[in-house]
Amino acid sequence: GQQVMQIPQYQHVQEGEDFTTYCNSSTTLSNIQWYKQRPGGHPVFLIQLVKSGEVKKQKRLTFQFGEAKKNSSLHITATQTTDVGTYFCDMEGSSNDYKLSFGAGTTVTVRA
Amino acid sequence: SAVISQKPSRDICQRGTSLTIQCQVDSQVTMMFWYRQQPGQSLTLIATANQGSEATYESGFVIDKFPISRPNLTFSTLTVSNMSPEDSSIYLCSVDSHPGAIHGYTFGSGTRLTVV
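Chains as they are written, first to last, in this note's numbering: chain W, 1 to 112; chain Y, 1 to 116.
So that you can see chain W by itself, here it is in the shape it has in the complex (with noise of 0.2 Å):
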């Protein structure tokens, strides 16, 4: 079955900062989906990537689809502490399966 690595598990940034988070399926995607969860909060959508290669940024986050449609990553620039939470990605396979499967998650600190 389809195995999802996000990497990493923790990402400890010091404020003004750049860190990136990735996630790595072992089958071709149909699509990427980010999620932010703030501590003792639920996941909220950012963004789904589609094509292969495709870019997409939202101010200072940068999200990424790769040409092989078998990873993703999402880029944060300039960190600040309202970047603090943990990252999912979540990954819709090839065959047109609607079930998700979420990475482990990059949990964010951020140091003032």
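Honestly, the hints are just simulated from the structure, not real lab data.
In this text, a Cβ means the ideal position worked out from N, Cα and C, and glycines have one as well.
Relax, there's no trap hidden among the hints.
Here are some, though not all, of the chain Y residues that point toward chain W, as calculated from beta-carbon distances under 7 Å:
| no. | residue |
| --- | --- |
| 1 | Ser42 |
| 2 | Leu43 |
| 3 | Phe107 |
Quick partial rundown of chain W residues pointing at chain Y, CB under 7 Å, derived from the structure:
| no. | residue |
| --- | --- |
| 4 | Gln33 |
| 5 | Pro43 |
| 6 | Phe45 |
| 7 | Gln48 |
| 8 | Ala104 |
| 9 | Gly105 |
Here are some chain Y residues the structure puts well away from chain W; computed CB gaps all over 10 Å:
| no. | residue |
| --- | --- |
| 10 | Cys13 |
| 11 | Lys65 |
| 12 | Leu73 |
| 13 | Ser81 |
Following the hints, put chain Y in place on chain W, whose structure we already have.
For chain Y alone, coordinates are given in the frame of chain W:
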């Protein structure tokens, strides 16, 4: 996107009892999903609930333990039955309010369950 009202937000329950969690959506949706998220962990899909049919359960989850109702296109319940401390977790419902389009899944605010 859809707005989901999930309740209760939290509960502390005695082992051996059951708790029913409700999710109400402000629009009609075909599929509703129930997840479990243990502390510090990712989300694990319990089952998918379609209106008018039995829920489809993922490996490791059974109907007797987690019965689900889906009486209409805007509502679903998940019951955690005969609870034990191992069932302590956050339970979330989710919907895909725009299937077929560029979309994301919307989550309820979650139910934090503690079994003592």
